[in-house]
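J.: The listed protein sequences correspond, in order, to chains B and D. Heads up: the first sequence begins at 1 in the working numbering, then just goes up one per residue. Heads up: the second sequence begins at 1 in the working numbering, then just goes up one per residue.
Be aware that one or more of the hints could be misleading.
[To be verified] Residues from chain D that keep clear of chain B, each with C-beta distances beyond 10 Å, as calculated: (1) VAL81; (2) ALA88; (3) ALA110; (4) VAL137; (5) PHE138; (6) ALA220; (7) ALA242.
[As the list claims (entries may be wrong)] Stretches of chain B that chain D covers, calculated by requiring three or more beta carbons in the stretch to come under 8 Å of a beta carbon on chain D: (8) 76 to 87; (9) 97 to 111; (10) 181 to 190.
[Said to hold, decoys possible] Beta-carbon label-pair distances, calculated as ranges: (11) B:GLU342 with D:ILE99: 25 to 31 Å; (12) D:TYR275 with B:LYS303: 56 to 62 Å; (13) D:PRO111 with B:LYS111: 34 to 40 Å; (14) B:LYS186 with D:ALA272: 34 to 40 Å; (15) B:GLU284 with D:ILE115: 34 to 40 Å; (16) B:ASP82 with D:ALA92: 39 to 45 Å; (17) B:GLY336 with D:PHE149: 36 to 42 Å; (18) B:GLU284 with D:LEU74: 47 to 53 Å; (19) D:PRO111 with B:THR328: 28 to 34 Å; (20) D:PRO118 with B:LYS63: 31 to 37 Å; (21) D:PRO118 with B:ALA283: 48 to 54 Å; (22) B:GLN89 with D:SER286: 52 to 58 Å; (23) D:SER302 with B:VAL74: 33 to 39 Å; (24) D:TYR275 with B:GLN89: 27 to 33 Å.
The hints are simulated quantities; they were obtained by calculation from the structure and are not laboratory data. We put the CB at the ideal spot given by N, CA and C, even for glycine.
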Amino acid sequence: MFELSRRKLLAAGAAIGFAATSVAPAFAQDGKETVKAAFVYVGPVGDYGWTYAHDQARQCLEKNLGDKVETSYVENVAEGPDAERVIRQLAQDGNDIVFTTSFGFMNPTIKVAKQFPDVKFEHATGYTTGGNENMGLYNSKFYQGRAVLGTIAAKMSKSGKAGYVASFPIPEVVMGINAFQLAAQKVNPDFKTQVVWVNSWYDPAKEADATRALLSQGADVITQHTDSPAPLQAAEEAGAIAFGQAWNMESFAPNAHMTAIVDQWCPYYTGRVQALLDGTWEAENVWLGMKEGEVEMAPFNAKMPEDVKEAAQKIVDETKAGTYEVFTGPIKDQSGEVKVPEGEVVPEGDLLKMDWYVEGVQS
Amino acid sequence: MSLDLLVAILMTVAGAATPLLIAGLGELVVEKSGVLNLGVEGMMLIGAVTGFAVATSTGLPVLGALAAMGAAALAAAIFAVLVLTLMANQVATGLALTIFGTGVSALIGAPFVGITTPTLGPIFPEALTASPLLRLVFGHSPLVYFGLFLTFAVWWFLNRARAGLILRAVGESDTAAHAIGYPVLKVRYLAVLFGGAMAGLAGSYYSLVLTPMWAERLTAGRGWIAIALVVFASWKPGRMLAGAYLFGLVMTMELQAKAAGFNMFAPEVLAALPYVATIAVLAIISAAKRGGANAPACLGKSFRATA
């Protein structure tokens, strides 16, 4: 299925180089005594998912740096023009650094960054800074966690079909679906992943109904790329298994919750604010994963069979060691055509503009 | 299509429709009395969080639902004082009530994030829900049955009860009703409180039945759909029932079609279906004239008693 405008836009703008920036800044900046940091959230801090994880990291940052940092946040900011107003306001209010934490905040952040060259901006999950030297990009390799979920799903599923509650067909989500399916396929070559788009990051009732629809049509494992625990609850109710999103959601579904991908932003936020304090901050484009501790798995459910635990842990260990990469060829697309030849690994730049599904994904 | 699947779909439809129906019927009565309360979303959120808080604290979801009605009615009372006694603009005050409800529910709900609650689940014994067809009849939350009962009760009240006729008179011509001695403001106060209680109950349906948890903005805009359904139903309870279930059906079919791998259209097209259906039905109703322009004549107007 195609979702043209957003994809085209991404493909056009995605000349992304992922050169690891060497430290040693060309011009030494002056350090600061204290830093004012602001955060812009797309959802409510009480969503217990994506935004909650960012806010936990903000609180952790305050704890780590004590009186040297002062933080504030604005929640429930709509992606689009309203975001620009909020970001500009935060820049005007004398913040030294503004973290904008949703894909749709990218363009507003670029615009405001141009107007406030002395303020630093960091955008999560975007692909371009529009040439601003005071704007950095950061993201996590959540897809590494998705590969663990896919492995567990294929090992535990009886019907061989997983239901995937997804938000929007942007590369971040497409990449996650593919990683999940690829890992599942390695366990069970006939495994299928059925995607339902709910066209929202956060709509608990709709996420729950989408889950019920998937379960009634033969899926017995549920995974999600939306932000509320509602799919987990619906899976629990039906006796299926599911996974948490962004945070450990075990309390919502003690039986269904096998594990969760936990977003750990705290080390990154602490590091960046510390760099500002030291005067070593530079615009970077970082994409960290399990190895760096930015993506973690929640403890495996005690009900998970031993062999499944072992298989899942093996993926985690090998990912950390750098010996496992889920996007390694041969990879076929939905039509069965080989898209990535044997032994080749999809480059990071291509992952970040991914707009095709692997074999076995039904969307 | 197997029977199991059909029943599963219909059960989901009832689940999606019930909160819209209950909140919509509440708002219908409010509007029939001549008051436009756009604060349904806010009152639903207050109901959702109160219901959840009380249910988790006491372990009694029924108490939670009752508390939800009380708390939302309290919020409605603030609205009533502002627009009826102080004669503030109803549209602006209603919007303010929604913003207030969103904020205050987040505040009350902060300690309840991340936990789950006993639910207001099916009331009939499990033996009665063994087969799919029986499940379709007996397998619902009590609120689903309450929604159906409420439709009848509101219809009866507005068309057969003396008090209901007085309420309609107040909504159609407040000055005339006042002149023959009916207590216009008292009627409107009671209507607004009733609307609040129903919005609160509908909100608690989310936090106690559909998605038994509390998260900010849990109702995700359903209050606005309930308000739109009042117009859609042209202020008639029977049509409100049809509208709510139709809306629930379209919302569910959208997801079912996607889950079945039906991908003839882009997902956005299917997601737009409920709204396309709304516009289509509104256009048909308006074109049919009868019942189209059925809005209470005094809707949204302030009333000042003159001697």
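J.: It remains to establish, for every hint, whether it holds in the given structure.
T.: Quick rundown of the hints versus the structure:
1. For VAL81 (chain D), the shortest C-beta to C-beta distance to chain B comes to about 28 Å, beyond the 10 Å cut-off, and the non-interface label holds.
2. The beta carbon of ALA88 (chain D) sits about 26 Å from the closest Cβ of chain B, which is more than 10 Å, so the claim that it is off the interface holds.
3. Interface exclusion of ALA110 (chain D) from chain B breaks down, the closest Cβ pair being 7 Å apart, not more than 10 Å.
4. No beta-carbon of chain B comes within 10 Å of the beta-carbon of VAL137 (chain D); the shortest separation is about 18 Å.
5. With a minimum CB-CB distance of about 17 Å to chain B, PHE138 (chain D) clears the 10 Å threshold, and the non-interface call stands.
6. A beta-carbon of chain B is positioned within 10 Å of the beta-carbon of ALA220 (chain D); the least distance is around 4 Å.
7. With 10 Å as the threshold on Cβ separation, the claim that ALA242 (chain D) sits away from chain B holds: the shortest Cβ distance comes to roughly 20 Å.
8. Residues of the segment 76 to 87 of chain B lying with their CB closer than 8 Å to a CB of chain D number 1, which falls below the three-residue condition for coverage.
9. Remark: the segment 97 to 111 of chain B is not confirmed as covered by chain D, as 0 of its residues place a Cβ nearer than 8 Å to a Cβ of that chain, below the required three.
10. Interface restraint, the segment 181 to 190 of chain B with chain D: violated (0 residues with C-beta to C-beta distance below 8 Å; minimum three).
11. With their beta carbons about 57 Å apart, GLU342 (chain B) and ILE99 (chain D) fall outside the hinted range of 25 to 31 Å.
12. Hint check: TYR275 (chain D) to LYS303 (chain B), Cβ distance near 42 Å, so the stated range 56 to 62 Å is violated.
13. Our hint of 34 to 40 Å for PRO111 (chain D) and LYS111 (chain B) holds, since their Cβ atoms are close to 38 Å apart.
14. Taken as a hint, the range 34 to 40 Å holds for the pair LYS186 (chain B) and ALA272 (chain D), whose Cβ atoms sit roughly 38 Å apart.
15. Distance hint for GLU284 (chain B) and ILE115 (chain D): a CB-CB separation of about 39 Å, consistent with the stated range 34 to 40 Å.
16. Against the hinted window of 39 to 45 Å, the Cβ-Cβ separation of ASP82 (chain B) and ALA92 (chain D) comes to about 20 Å, which falls outside the hint.
17. Our hint of 36 to 42 Å for GLY336 (chain B) and PHE149 (chain D) is violated, since their Cβ atoms are close to 55 Å apart.
18. Between GLU284 (chain B) and LEU74 (chain D) the Cβ separation comes to about 51 Å, which falls inside the hinted range of 47 to 53 Å.
19. In this structure, PRO111 (chain D) and THR328 (chain B) break the distance hint of 28 to 34 Å, their C-beta atoms being roughly 46 Å apart.
20. At about 35 Å, the CB distance of PRO118 (chain D) to LYS63 (chain B) agrees with the hint of 31 to 37 Å.
21. Taking 48 to 54 Å as the suggested C-beta distance range, the pair PRO118 (chain D) and ALA283 (chain B) conforms, at roughly 51 Å.
22. As the Cβ distance of GLN89 (chain B) to SER286 (chain D) is approximately 42 Å, the hint placing it in 52 to 58 Å is violated.
23. With their beta carbons about 35 Å apart, SER302 (chain D) and VAL74 (chain B) fall inside the hinted range of 33 to 39 Å.
24. Checked against the given bound of 27 to 33 Å, the beta carbons of TYR275 (chain D) and GLN89 (chain B), roughly 32 Å apart, stay inside it.
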